[in-house]
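Engineer: Construct the complete structure from the given sequences, taking the supplied hints into account.
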Amino acid sequence: MASASQLASSLNPSASPELVKRAELSEIDASTKLPALFFFGSAILWLLAGTVFALLAAFKMHNPALLGDYEWLTFGRVRTAHLNAVIYGWSVNASFGVAFWLMARLSRAELRHSGMLLIAAAFWNIGVTLGIYGILTGDSTSIEWLEFPSYATPLLFFAYALVGAWTVITFRFGRSKHIYVSQWYILAALFWFPWLYSVAQIMLIFSPARGTVQSLVNWWFAHNVLGLWFTPIGLGAVYYFLPKVLGKPIHSYYLSVLGFWSLAIFYNWAGVHHLIGGPVPVWVQTAGITASFMMVIPVIVTAVNHHLTMVGNSSALKYSPTLRFTVFGAVAYTFTSLQGSSMSIRSWSELTHFTHYTIGHSHAGMYAFFTMVMFGSIYYILPRILLKEWPSAKLISLHFWACALGIIFMVLVLSFAGVKQGIDMNSLPIGADGKPGAPAPFLEIVKNTIPWLKLRSYSGILLTIGHLAFAVNFVWMLLKPRPAGATAPTLFRNGPELEVSR
Amino acid sequence: MSTSPSAPGPESKGHIEQAGASDESIQRVHAILIREKEEPKEGFTPMPLFLLGFISAMIFLGAVYFVHYRGDFDPLVYDYRFDAAAAKAAASAPKELTPEQIIGKGRILYNTCASCHTPSGMGVAGAFPPLAASEWVTGSEERLIRLLIHGLAGPIVVKGLPYNGNMPAFGPGGGYNWNDAKIAQVLTFIRQEWGNTAPPITPEKVAEIRKAESARAKPWSEAELQPFEEP
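In order, the protein sequence lines correspond to chains A and B.
Using the numbering used here, the first residue of the first sequence is number 1, and each one after it goes up by one.
Using the numbering used here, the first residue of the second sequence is number 1, and each one after it goes up by one.
If a hint is listed, it holds; no wrong ones were tucked in.
Computed beta-carbon distance windows for the label pairs:
hint, chain 1, residue 1, chain 2, residue 2, range
1, A, Phe442, B, Tyr65, 31 to 39 angstroms
2, B, Arg81, A, Arg175, 53 to 61 angstroms
3, B, Pro94, A, Arg346, 28 to 36 angstroms
4, A, Glu350, B, Glu213, 53 to 61 angstroms
5, B, Leu52, A, Thr212, 34 to 42 angstroms
6, B, Ala85, A, Leu67, 54 to 62 angstroms
7, A, Phe442, B, Gly104, 35 to 43 angstroms
8, B, Thr112, A, Ile205, 57 to 65 angstroms
9, B, Leu52, A, Leu118, 45 to 53 angstroms
Derived contacts from chain B toward chain A, CB cut-off under 7 angstroms, selection only:
hint, residue
10, Tyr65
11, Phe66
12, Phe73
Just so you know, these hints were derived from the structure itself, not from any lab.
Every residue gets a Cβ at the ideal spot worked out from N, C-alpha and C, and that includes glycine.
Structural biologist: Here it is as structure tokens:
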């Protein structure tokens with residue numbers, strides 16, 4: 001392909017370097033088109049599937065008889081299918097697309113042989129489909145976050161190796177002299193995830209460690225998938241889209257460095273806080289709690305960096321869907337991380353652990369932060385690779401408000417339910433004589449959560465509406481014809497009236 | 001496509017990268033790229049001073065917490081309330097046995113006695129008196145302890161029947177030389193076995209009587225033990 005940037009500069013030597021850069025970007029975007037579409041398309045399909053599983057699991061919590069006669073739709077399987085569909089189906093597919101699109105753009109390198117990424121996408125999605133099928137038919141390994149049966153994992157590993165290698169190669173052949181902060185995060189995540197996944201597979205499935213080491217490895221893995229894979233990809237996207245949409249530099253390079261390295265140092269230890277009070281050497285627990293608390297450093301540093309970039313530009317939130325989703329995600333990241341640190345305090349963990357509070361927290365992390373950032377990223381990326389606009393701004397608005405309100409509502413409801421549940425389980429009710437009486441019967445406590453669980457299901461319906469709006473907009477965008485003349489690159493024409501000044 | 005909600009209008013100027021209208025022209029299509037802001041860059045504002053203080057404070061507090069709750073880095077310590085000194089003291093302190101453990105130990109010691117008194121505690125007519133329901137066993141502990149420490153020689157009447165055998169001494173001078181704990185255990189066992197329900201005998205009581213009778217060197221006779229019949 002003749003380089004459009006060379007063409008641009010040869011046709012008009014006086015073309016501004018900025019325009020030449022734009023032409024280059026357009027080529028890079030075009031090279032990522034097919035694999036990115038494949039990953040985003042399948043991500044959205046998995047999002048819908050995961051939503052269906054989520055709704056089923058949520059309604060079964062307060063209506064256990066619902067579809068209870070089908071073995072493969074029992075709660076234990078549907079809930080697990082939900083987790084794996086949204087993690088490996090939606091979140092990882094979306095993060096792959098965002099990761100190599102960002103990497104190609106920031107490294108200023110076209111994606112070579114993008115057919116390989118199509119193969120990777122096919123393998124990944126076949127692997128996830130097989131895994132979900134395995135879970136529904138009862139082949140789950142019953143190890144949290146690694147439930148996929150062992151016949152699915154080699155496919156996933158192969159697909160991951162391809163995506164990881166291709167993204168690193170793209171970085172290697174990049175023309176950019178400078179390595180931008182998003183690239184640090186993505187590059188690090190690409191190396192961290194295979195480390196986590198292979199160690200966990202070997203020590204838990206293929207040659208299981210014995211005793212409590214198993215649960216240690218399990219939580220080290222499960223928490224690090226959040227902290228060393230989803231968090232860096234999400235933060236990488238925020239670090240790109242925030243300054244990109246606002247058109248101003250990220251506030252401080254120094255803060256970026258500090259935030260990145262303190263995340264890298266502390267997160268790895270934090271997963272043990274899931275085992276507080278368990279039969280694990282107390283110094284390991286204390287190390288986990290301390291690391292969870294030290295996570296306040298990268299979180300605050302990153303939040304300050306983002307906030308000071310954003311400050312004075314809040315009006316842009318009114319216009320840009322990408323910015324609105326991304327900023328919502330960034331704020332949720334700060335909130336969730338601080339909440340997570342507080343949940344590692346021994347006395348607070350005693351109350352909230354093993355209650356719905358934890359479920360609320362994990363949704364705040366995976367949904368309010370990560371998923372919202374991925375939505376924002378996809379809203380930005382798709383018009384660039386399809387050279388079409390999103391068909392309906394109303395649907396985008398519906399998507400945002402349904403998801404934003406839905407997730408806030410869900411986290412609030414689950415947090416209240418969890419604290420109530422924890423208090424009921426840990427304390428003796430005060431009787432009429434003013435003295436502590438017998439503990440409340442366990443079944444009574446379970447019954448008390450039902451109204452909250454119903455509210456949670458309603459919040460799930462809100463999220464479903466948002467996802468449907470997103471999916472409809474996506475399909476509509478794919479089907480709608482590209483406007484005439486779209487193929488003729490007329491990049492020299494710079495319409496100042498189209499340049500947004502705000 | 002002109003039905004698109006964000007068709008060009010005065011307010012659509014504000015859209016940064018999301019116009020929604022797509023029915024226009026070449027420019028509009030490429031506007032997607034053209035209107036993009038430049039690729040992000042990093043500013044180099046120095047770190048605010050309060051952050052430096054905050055991070056230092058976090059590291060300090062984290063270190064203090066970690067050292068305080070380190071559990072001596074002992075792989076067997078699972079609870080931060082673990083106190084190594086107290087645990088050591090508890091481990092070396094004499095163990096307090098439960099009543100069940102005392103009976104259990106007494107049952108083993110009784111194997112020595114069972115050769116004469118029989119495992120069922122019924123004894124042998126004329127030679128070895130029974131222990132089950134015997135007033136000598138369930139009665140005065142003063143008498144019973146003395147009998148065991150120094151033994152008994154000559155005839156004896158138990159439950160109204162005469163016996164004439166030799167009870168060896170289990171205290172000093174005899175072949176057994178059991179300590180206070182063993183004597184207390186075996187006596188507690190026979191006082192609570194075969195339907196007997198007498199209270200247990202403590203090692204302290206045995207020690208007390210051993211001291212009181214330290215001058216004695218020969219076995220008791222039935223007559224000599226009579227004064228101790230009343231507890």
